[in-house]
Amino acid sequence: MNGRPEQFSVRPNELLVERLRDGLGLTGTKVGCDTGQCGTCVVRLDGRSVKSCLVLTASAAGSEVATIEGETTRGGELSGLQEALRQEHGTQCGFCTPGMVMALGELVDSTAGGEAPTEPEIREWLTGNLCRCTGYHSVVRGVQRACAAARAEAPSGVGEPAAVTASTAAGQEV
Amino acid sequence: MTTVTGEAPATGNGVLGQPLDSREDPQLLRGEATYVADIDLPGTAHMAILGSPVAHAKILSIETKAAEQLPGVLKVATAADFTDVMPLPCIWIPGGVESHFPPHPYGLPGARPVLTGDTVRHVGDPIAVVVAETPRQATAALAAIAVEYEPLPVVTRADEALAEGAPQLHEAVPGNLNAYWTCGDKDRTDAAIAEAEVTVELDLVNQRTINSPIEPRGAVGDYNAATGEYTLYASTQGPHNHRFLLSALVLGIPFNKLRVIAPTVGGSFGTKGYLYPDMALVLLLSKALGRPVKWVDTRTGLMNSTVQGRDHRQHVTLAGTRDGRITAVRCTSYANLGAYPSTIGPGVATALMGRSISGMYDIDAAFCEVYAAFTNTVSLGAQRGSGRAEAAFLMERLVDRYASEIGMDPAAVRRKNLVPKEKFPYDNGLGWTYDSGNYQLNFDKAIELSGYADMPARKAEARTRGKRLGVGLATYVAICGVGPSTRMSQEGMLGGTWESANIRVHPTGEVTVIVGSASTGQSHGTVFAQVAADELGIDPDTVQVLEGDTQKAPYGQGTYGSRSYSMAAPAVALTARKIKSKLIRAGAVFLGVPEDKVVYEGGRVYEEGNEQNTKTFAELAMSMWYGWGLPAEIEPALDETTHFDPPDFNYPFGTHVAVVEIDELTGETEVVSYTAVDDAGHIGNPKIVLGQIEGSITHGLGQALMEAAVYDEQGLLVSADLTTYALPRAADVPFFTLDKTVTPSPHNPLGAKGAGEIATVPPAAAVVNAVVDALSDLGVQHIDMPLTPEKVWRRLRGEAQ
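Residue numbers (the numbering used here), protein chains in the order written: chain H, 1 to 174; chain Z, 1 to 801.
Each hint can be trusted.
Each pair of labels, with its calculated beta carbon distance range:
(1) H/11 x Z/165: 49 to 59 Å
(2) Z/798 x H/121: 30 to 40 Å
(3) H/64 x Z/723: 28 to 38 Å
Examples of chain Z residues toward chain H, derived with CB under 8 Å:
(4) 213
(5) 691
(6) 735
(7) 736
Honestly, the hints are just simulated from the structure, not real lab data. All values reported here derive from a predicted model rather than from experimental measurement. For glycine and all other residues, C-beta sits at the position ideal for the given N, C-alpha and C.
Just need the whole structure built from these sequences, with the hints factored in.
Structure, rendered in structure tokens:
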């Protein structure tokens, strides 16, 4: 669990999100729906983003679980993705934000050394996460920014960082 | 490029208007913010609510014994346990309409009981509650409560509820009619329509939609037996408002015995400003059990209990000349209030909609009548852009229909009828007086930015790809800045609608701003700090902002109707000016010069012509805190409060252009570009407002394309989760092209107009106009929302609506 071993016994029907929130006090993971639709509970299981409301805790035994609490120390420096989302104000009420950070983290990590995802690819990746405040635009810009930064820092030197798409060019003035 | 038409407000250090990063964001991005569900008080018990599974029935019996004996169950309660609790009040009774419900001691009518004991009126109507040691135990015990129902006939549509022989919801409300409400001049409008060269008519359904904040609601009640005080933690847009309604009007306890705290709130868009039974229940049960009681809703629970939006069935008429001059508009609307009048639902369905129907146009005759009816559905309430979106939809559909009828370009018709800028302030004849505007400038900018002139070529090109391209325009005026208390009382609002701010300057020069408003994701902490910092000429990082706790904050109505920046922020600015004024008076003492020689600038005072004789803000703060040497007429310390009640509302406006492509084979509608030019006056933080504009447009696109609360014949909400209720996802929207014009409001010292939700107002109209444009050669004159692929596909194949 975020790099630390955790040992506990579980009811057979316990959901991973229940264990995280109620059992371990990791309340950064949110519950927004009953049907696996909203994505506020996304965590990473062995590096892959999953909806923790759809995972039985028992089935996660032996896996590495990463939650939003593991992205940074409490009050600590933001990760590259978090920083990019901050710069683009990719959050408003923030309820969907931890789930988005966990889902998008996989995308940003996976593209750090290769091609940056296109705008449609980013939007497709985000379809598992609902946001009612932002309409996603600032989040997409944040991912573009994060990917550009990750590529710039990649040791293999994959070329110049891609510019952040600014279809909302004039929007910066709004 | 931004076009400013008006004087900029006097600014201090230029911090206001800058796109500062939101100071709230880092905590949210780390998942460290505390929402209601994250609150874990020692000894907390958990509440679950049994909602009615049927839409309309008499309750013959409720048997709770089996549930009481289940493991972990602490209490099962029904209406019989709360006979001394008053029903939830409705505080917006549209002007001239009498309430049919029994009055509260404070003169307000109440209709919805905290638990229903005799008759259920919609699926989800709360009947009983269980409190248990764990949430799972509480939920499990609900199934053991046996309720015997005698079914009653069901009605879910407003027009059908008003028909002869319709099922009756409330004994006190014959014919289910809560309000017949009108505005404008009926005779003049009827005459203008009768005499008109051209008239067009439409029957419109503005479908019911569900706001769907991503955080479901929640509440924690904590009663302190030693002091007799209650604390409520709730996902609320207006903690002060809820304190007032709950203490005096529902629980019958002294105002100062209830503290309401809004923690971080996960979006609202209108729905969390309402008083719900659960808020009272957690407090009552906490007192009964001597433990904190917590309740967190589920998504399906939210959809069956939290107020829903829109829901009008309308017959609308527009009259005009053959050369494009609009002479009259008339609307007859059947509004669905749901099963009970919500806190302000009746006002949303009437005044907020009806007084806006003429939009940005200079029309000689206008009239709107609303029949607001009760049905077996969830109560109606506000929803992002509420009322104004419904108004813009009917008007903008009519204008397109009219343009088509007279064979004129829709843009040309609009341009011809915009209220000219020299006519402001403009009385729209429906009850609103628009404060300021330059509609031509705004409109022209949107037309140019959208590439409107290129659309014919783009349509032809799309056809080569098997797509039908359509372009749709929509303009709007949105009443914001609710508001002037006297004016709102004339609208039937039972309560003051002012906002207040308190500023305390600490001895070390740091500042605390405390406001009555409460954020549901609008970065108040950032923006209010900018306002205070700008006025005082200090670093915004030294300004702390507090809100959301009634024990700490001065009174205020809260965040709704895009009012925080044009109501609470002016209160902050005016309070800062009081501080500044006091510092000028005290500065005269400290500098040893007459008051008229003291200059306040850049966060310091100095002697005019002698800048060496100066004191910084921090030095002044310390001196004022010590209070040494101050004359009797100057009190020590810097602590000021302002209650801001503006002279009138403010009226943001704008023009949106949607371009859609419809796939000939599938009927799928894709929004391929969207241009919006909005005017919200002077903006405090453009980065934060940008996010609100983008989110608002996406919300409006949701109504146009996919969202609908669907009730079946039995009154079951079929779309009661996120697999059956479609919300826009990231791949459903393109980047938008956005710009603004700036026409300051004269009604507040910041020249601000509402911004947060205004861009939700026109998108539905723009998109439907675009789709109708794309299908116009098939003879399609209107198509009801949501524009699902199937619906469009059928129209492509010539089927009638």
